[in-house]
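Undergrad: Chain by chain, the residues:
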Amino acid sequence: MLEISDLRVSVDGKTILNGLNLSVPAGEVHAIMGPNGAGKSTLAYTLAGRDGYEHLGGTAKLLDQNIIGLDPEDRAMLGLFLAFQYPVEIPGVAGMTFLKTALNALRSARGQEELSALDFLKLVRSKLSSLGIDESMLKRPVNVGFSGGEKKRNEVLQMAMLEPKFCVLDETDSGLDIDALKVVADGVNTLRSPERGMLVITHYQRLLDYIKPDRVHVLAAGKIVKSGGPELALQLEAEGYGELLKASAA
Amino acid sequence: MSATAQTVADVERLAERYKYGFVTEIESETAPKGLSEDVIRFISAKKDEPEWLLEWRLEAYAKWQRMSEPNWAKLGYPPIDYQDSYYYSAPKLKDAPKSLDEVDPELLQTYEKLGIPLKEQEMLAGVRNVAVDAVFDSVSVATTFKAKLAEAGVIFCSISEAVREYPDLVKKYLGSVVPQDDNFFAALNCAVYTDGSFVYVPKGVKCPMELSTYFRINAENTGQFERTLIIADEGSYVSYLEGCTAPMRDENQLHAAVVELVAHKDAEIKYSTVQNWYPGDENGKGGIYNFVTKRALCQGDRSKVMWTQVETGSAITWKYPSCILQGDDSQGEFYSVAIANNMQQADTGTKMIHMGKRTRSRIISKGISAGRAQNSYRGLVKMLPSADRGRNYTQCDSLLIGNKCGAHTFPYIESQNRSARIEHEATTSKISEDQLFYCRQRGIGEEEAVALVVNGFCREVLQQLPMEFAVEAQKLVGISLEGSVG
Chain A
1 MLEISDLRVS
11 VDGKTILNGL
21 NLSVPAGEVH
31 AIMGPNGAGK
41 STLAYTLAGR
51 DGYEHLGGTA
61 KLLDQNIIGL
71 DPEDRAMLGL
81 FLAFQYPVEI
91 PGVAGMTFLK
101 TALNALRSAR
111 GQEELSALDF
121 LKLVRSKLSS
131 LGIDESMLKR
141 PVNVGFSGGE
151 KKRNEVLQMA
161 MLEPKFCVLD
171 ETDSGLDIDA
181 LKVVADGVNT
191 LRSPERGMLV
201 ITHYQRLLDY
211 IKPDRVHVLA
221 AGKIVKSGGP
231 ELALQLEAEG
241 YGELLKASAA
Chain B
1 MSATAQTVAD
11 VERLAERYKY
21 GFVTEIESET
31 APKGLSEDVI
41 RFISAKKDEP
51 EWLLEWRLEA
61 YAKWQRMSEP
71 NWAKLGYPPI
81 DYQDSYYYSA
91 PKLKDAPKSL
101 DEVDPELLQT
111 YEKLGIPLKE
121 QEMLAGVRNV
131 AVDAVFDSVS
141 VATTFKAKLA
151 EAGVIFCSIS
161 EAVREYPDLV
171 KKYLGSVVPQ
181 DDNFFAALNC
191 AVYTDGSFVY
201 VPKGVKCPME
211 LSTYFRINAE
221 NTGQFERTLI
231 IADEGSYVSY
241 LEGCTAPMRD
251 ENQLHAAVVE
261 LVAHKDAEIK
271 YSTVQNWYPG
281 DENGKGGIYN
291 FVTKRALCQG
301 DRSKVMWTQV
311 ETGSAITWKY
321 PSCILQGDDS
331 QGEFYSVAIA
341 NNMQQADTGT
351 KMIHMGKRTR
361 SRIISKGISA
371 GRAQNSYRGL
381 VKMLPSADRG
391 RNYTQCDSLL
401 IGNKCGAHTF
411 PYIESQNRSA
421 RIEHEATTSK
431 ISEDQLFYCR
441 QRGIGEEEAV
451 ALVVNGFCRE
461 VLQQLPMEFA
471 VEAQKLVGIS
481 LEGSVG
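First to last, the protein sequences are chains A and B. Under our numbering, the first residue of the first sequence is numbered 1, with each subsequent residue one higher. Under our numbering, the first residue of the second sequence is numbered 1, with each subsequent residue one higher.
No wet-lab data here; the hints were simulated from the structure. Quantities reported herein were computed from a predicted structural model and do not represent experimental measurements. Heads up, a few of these hints could be off.
Straight line, CA to CA, 30 Å or less: simulated DSBU-like cross-link-like pairs of lysine-lysine [to be verified]:
#1 K148/B x K127/A
#2 K74/B x K285/B
#3 K171/B x K33/B
#4 K475/B x K122/A
#5 K122/A x K61/A
#6 K265/B x K404/B
#7 K430/B x K14/A
#8 K165/A x K139/A
#9 K61/A x K223/A
#10 K285/B x K148/B
#11 K265/B x K146/B
#12 K285/B x K46/B
#13 K100/A x K171/B
#14 K475/B x K139/A
#15 K74/B x K148/B
#16 K404/B x K357/B
#17 K430/B x K139/A
#18 K33/B x K206/B
#19 K212/A x K182/A
#20 K100/A x K33/B
#21 K223/A x K212/A
These stretches of chain B come out as covered by chain A in the derived footprint (C-beta under 8 Å, 3 or more residues) [unchecked claim]:
#22 367 to 379
#23 394 to 408
We put the beta carbon where it would ideally sit given N, CA and C, even for glycine.
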């Protein structure tokens, strides 16, 4: 579903991703782990199409279409969703308005009719109840004054509403205490499906206790240096990145 | 894309951007070009005005000739040749229409295109009632719902009709808030104003519906000088909305209106404006010069006036809706969204003059600049010695889109009373890349993302608009910022 091949990207003239290869089939959840500065967030932003990430070479294909060079909204239309590490505040825009605008933009881009206010409300309510989120969150301006846990839950809610084909979760565990982490992980787990792929980017293993990955990849110095099953995450937790990086450099 | 296809796409884009830019083919009766005593006599005669009004006009004209155009605003434009404009243009009618059925169907079609349901039956089918007075070039062509308003005792008609039917009221209040020689443009308006709306709400009456006027400049080279007078008698309430559009033309057209509001004891007036005059093209060619004087007198104790404006159009905007807070415990509020894109220039704000005891005022201004536009907030808060414990709160926020535009804030604060309290807060920010990227990642296109973020920025002001118009205003915010990013 997601096929990244020899991807090279620089930021401010400095090469961050340096020949990255990765393949995530539909229905699987893959984790990307790595030390600080390895290029984890660069990978997330590059996939989502943020400005300032210069493409030096390689491809990233979502459902056989190379998404490099597309506008962020066009990638979203193809089914890509990024759950942000730091969700952005939008003062004055109610969560409900934001969700409705996004959903209708995606629908009209796909040639579907916009949802009526009533149908939209029905859909929102069903998603809210399945995720156990209170409707009052959507009456507040997007992310403004939200706690860390609320922000991440809001990301999961958006993911549930927009029904993407492929999700990238960038450090979803950062800033969460263990209870909030469980709630968010439960939400993500309900969205796992045979048609949907996920890439979970994290620094720590603990998130993977709650979102069980099918594969774990270690990212260091801009490329994947080791891949394995879930046990790789546990090994990293026990030994740290140092040992592994030494071994792979040797 | 081929050159032809490109042109077609450009035209379509332009049309979308200013969808009110069409011209109505209609026969007009026009005064000779230029300004003179004779032209003023012509206008007055056309309107069959009483002698006192003609004299009042001529007096204003004499004063105007001795005045000079103000130059303190942060606006740049070539000198205006006041002799190169027509001061009167009226759709040709055999006789004044007695009912809507007699109004030229072309004219009705124009208003339909503008989305104004003129016909009463259409209005009745609507969820809520809005009475509309429509002013086309210089004359008021139709006022709907007159009968229903009359039942409540509310007078809502064109000001020309008011001069004929209610001369005592007009004589008493015309020029009572904005004196003839208040400023250059107000004096010009007094001399040549052609029509506008008149509202009188009697004691204790809550006006049963929103009142609304649509102004439309159609004819070429024509100035529009409308005059609005609203009087809310003791304990009454009225909400009034004006909307404005004009065709796309290469030359600049002059618009100099005067609006006077009088609120008596315990009365409340809510006055909302959605101004969408043609702003000119991307290079600053054409567009309306909008020089407007709007002022409210909160004459009675506990009276209240609230100005809400959404200013998205015009090449030049010079406008400071103000409140004179004369009655004790009277209140003035000013909520403003001013958007300037491309080559537009806006210098707008308010004046709050506190005279009575415990008078309160609140100013919320949101300025958005994009393209190469210049947007200035200019506001005066003045506490006179009599304004014991007067209070003002001002919040003035500017948002910049791109790096070629400017935002400026000119607050003037004068306090002559030690017990008065004045607060002023101001912020200037750039539209955030993070916010736009976040929206776009969710599938919202770039322009829609800008509209969404800007609407959020303006929310405090937009939510003050009557519900019927809030949605329209939100769309307008998006349309007026098209092409501002990328």
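Undergrad: Return the numbers of the hints above that this structure violates; sort them in rising order.
TA: 1, 5, 6, 10, 12, 13, 15, 16, 18, 20, 22, 23
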